[in-house]
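Required output: the full structure, derived from the provided sequences and hints.
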Amino acid sequence: MIIRQLLKKSSQKLHFAVCLVVLAWMLTGCSDNLLPLNVATKYLQNEAAGSFSDNYDLLTADSQLKIGRTEYATRLNQARQDGGIVSINIKTVENNPTTVGNRASVPYQLEVTLQSGQKISIFESLVMLHQENGWRIVWPPQ
Amino acid sequence: MPLHKLFYLKTWLLALSLAMLLLVASSNASAAPLSTPPAQTSPETADYMSLSLRLLFPSLPANLELSDITDPAFTNFTSGTDYLPLGTLSNPDTTQDGVQPITKTLSFNFKGGVRGRVFSSPAWLSVIPNYFANRNGKGQLDSIVSVRQDAAKGAGLLPAQRNWGQLRIVLNGFVLDYATTVLVGPPKNFVGDKGAKVFALYHQILGQLDQRGDLGAAIGTLAHPNGSQFALGLVTDYLGENEYNQRLSEADFANRVAEVLSDKDYGGDGWVGFTKDDVLIGAPGWALGHAKTGGDSAR
Chain A
0 MIIRQLLKKS SQKLHFAVCL VVLAWMLTGC SDNLLPLNVA TKYLQNEAAG SFSDNYDLLT
60 ADSQLKIGRT EYATRLNQAR QDGGIVSINI KTVENNPTTV GNRASVPYQL EVTLQSGQKI
120 SIFESLVMLH QENGWRIVWP PQ
Chain B
0 MPLHKLFYLK TWLLALSLAM LLLVASSNAS AAPLSTPPAQ TSPETADYMS LSLRLLFPSL
60 PANLELSDIT DPAFTNFTSG TDYLPLGTLS NPDTTQDGVQ PITKTLSFNF KGGVRGRVFS
120 SPAWLSVIPN YFANRNGKGQ LDSIVSVRQD AAKGAGLLPA QRNWGQLRIV LNGFVLDYAT
180 TVLVGPPKNF VGDKGAKVFA LYHQILGQLD QRGDLGAAIG TLAHPNGSQF ALGLVTDYLG
240 ENEYNQRLSE ADFANRVAEV LSDKDYGGDG WVGFTKDDVL IGAPGWALGH AKTGGDSAR
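Going down the list, the protein sequences come from chains A and B.
In terms of numbering that gives the first Met the number 0, the first sequence has 19 at position 20, counting the first letter as 1, and numbering is strictly consecutive.
In terms of numbering that gives the first Met the number 0, the second sequence has 5 at position 6, counting the first letter as 1, and numbering is strictly consecutive.
These are calculated hints, taken from the structure and not from any lab test.
You may find that some hints are simply not true.
Pairwise CB distance ranges (calculated) [what the hints assert, rightly or not]:
hint	chain 1	residue 1	chain 2	residue 2	range
1	A	30	B	190	27 to 37 Å
2	A	132	B	167	23 to 33 Å
3	A	85	B	165	22 to 32 Å
Here are the computed lysine-lysine pairs in the DSSO-like style, where the Cα-Cα straight-line distance is at most 27 Å [as the list claims (entries may be wrong)]:
hint	chain 1	residue 1	chain 2	residue 2
4	A	118	B	196
5	A	90	B	193
6	B	187	B	103
7	B	196	A	90
8	A	118	B	137
9	A	65	A	41
10	B	196	B	275
11	B	137	B	110
12	B	196	A	41
13	A	118	B	103
14	A	118	A	41
15	B	187	B	275
Ideal Cβ positions, reconstructed from N, Cα and C, are used throughout, including at glycine.
In structure tokens, the structure reads:
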């Protein structure tokens, strides 16, 4: 009798633990769990490689509502050509982004090579929001 | 109730009624001119206000009266945001850059009656014309979008970054936004790899903000939606201008930028941001701060 009750209790505990795990998975299952630094680095690597379509997935939901994937990729490719940019080299992505609540800012330094051969250093920052699917980038940034 | 108290009450009520009557009369008087349509000088180009009024009040909102124009045909029109890159200005000190143009033409082809206006910000972005009307039939508008680089006019381009601007086009009440960028190179004297120095100074600014509980301003405020990038632009300007001719210490500079971002007076000198003296020694004129007003508020 006592053994049966103990078994029943432990079974209830097991059910409870399973429910907790499922709930936690449901709450965080859609988030990619990447830190702002990781998302920013991925975004900048894609930008350097000209993979603008991949970067579209890293934009906030609001930013994606403003502009379609094709338009975003086409315009940014065009911007690169119009700006006479031959290549982009990531020099620094700040290791300690500024995070306040669900907002973050990730500063970085790029070296841009122009068609003229001139190399220019630029210092910029990505503004990020934490959404259901994780940290995402606000575009346009200002 | 004693008689004299009743008298005072009546007098008070009478005064209150008079004040209310005056208030109603004055609000009617101020509303009256708004109901009168503005004079039209050139209906084909700009029929919102007379030229003299437009020169006096360039920021007055456009009249969106649509009864005198035919229905438009927006075949491919979708509201949202588009992106218009304006090119590269490899050296912020030059007024003309031989590599890429910093002027673009936005062309609109209209079918039917369209009345519109183009707004641009910040000050370095200019659009001409910014008023237009196509009363009926087909019409084409070519708007010239250009970048003003004259710092004395408050243009405010920041070095060593992509400067973002916005064009808002309002057509018969529909809104279309264009994000624009100009890639600006670092100042002429900004030579060698100064990355470490830029980020060190940037962290001093963050420290000032964090100390006062205003770190959020480094991410963004209404006035500076990308606070960190704005700060980085000022840092490269400061370093490129030889720390404003070696006359503004790094600590003071960091304090000024933190004040600009938070819109608060940290120094207790009754001034927010760069002072007139700072501008005289090399800080950009467009970055001139302002006197502290009643209560500071982080926006």
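Cβ distance range 23 to 33 Å for residue 132/A and residue 167/B, holds or violated: holds, 29 Å
Satisfaction of hint between residue 103/B and residue 118/A, Cα-Cα up to 27 Å: Status holds; Cα separation ~25 Å.
Holds or violated: residue 118/A to residue 137/B, with C-alpha atoms at most 27 Å apart: Measuring from Cα to Cα gives roughly 46 Å; hence the hint is violated.
Pair hint residue 137/B and residue 110/B, alpha-carbon separation not exceeding 27 Å: holds, 5 Å
Proposed proximity, residue 41/A with residue 196/B (alpha carbon, max 27 Å): Measuring from Cα to Cα gives roughly 25 Å; hence the hint holds.
Satisfaction of the hinted span 27 to 37 Å by the C-beta atoms belonging to residue 30/A and residue 190/B: At 44 Å between Cβs, range violated.
27 Å Cα cutoff - pair residue 196/B, residue 275/B: holds, 26 Å
Hinted pair residue 196/B and residue 90/A, Cα distance within 27 Å: Cα-Cα ~14 Å, so holds.
Assessment of proposed distance window 22 to 32 Å (beta carbons of residue 85/A, residue 165/B): holds, 28 Å
Pairwise hint evaluation, residue 193/B against residue 90/A, where the allowed Cα distance is 27 Å at most: Holds - the C-alpha atoms of residue 193/B and residue 90/A are around 11 Å apart, at most 27 Å.
Pair hint residue 187/B and residue 275/B, alpha-carbon separation not exceeding 27 Å: At roughly 24 Å apart (the allowed maximum being 27 Å), residue 275/B and residue 187/B satisfy the hint.
Pair hint residue 187/B and residue 103/B, alpha-carbon separation not exceeding 27 Å: holds, 26 Å
In summary, the numbered hints that this structure violates are 1, 8.
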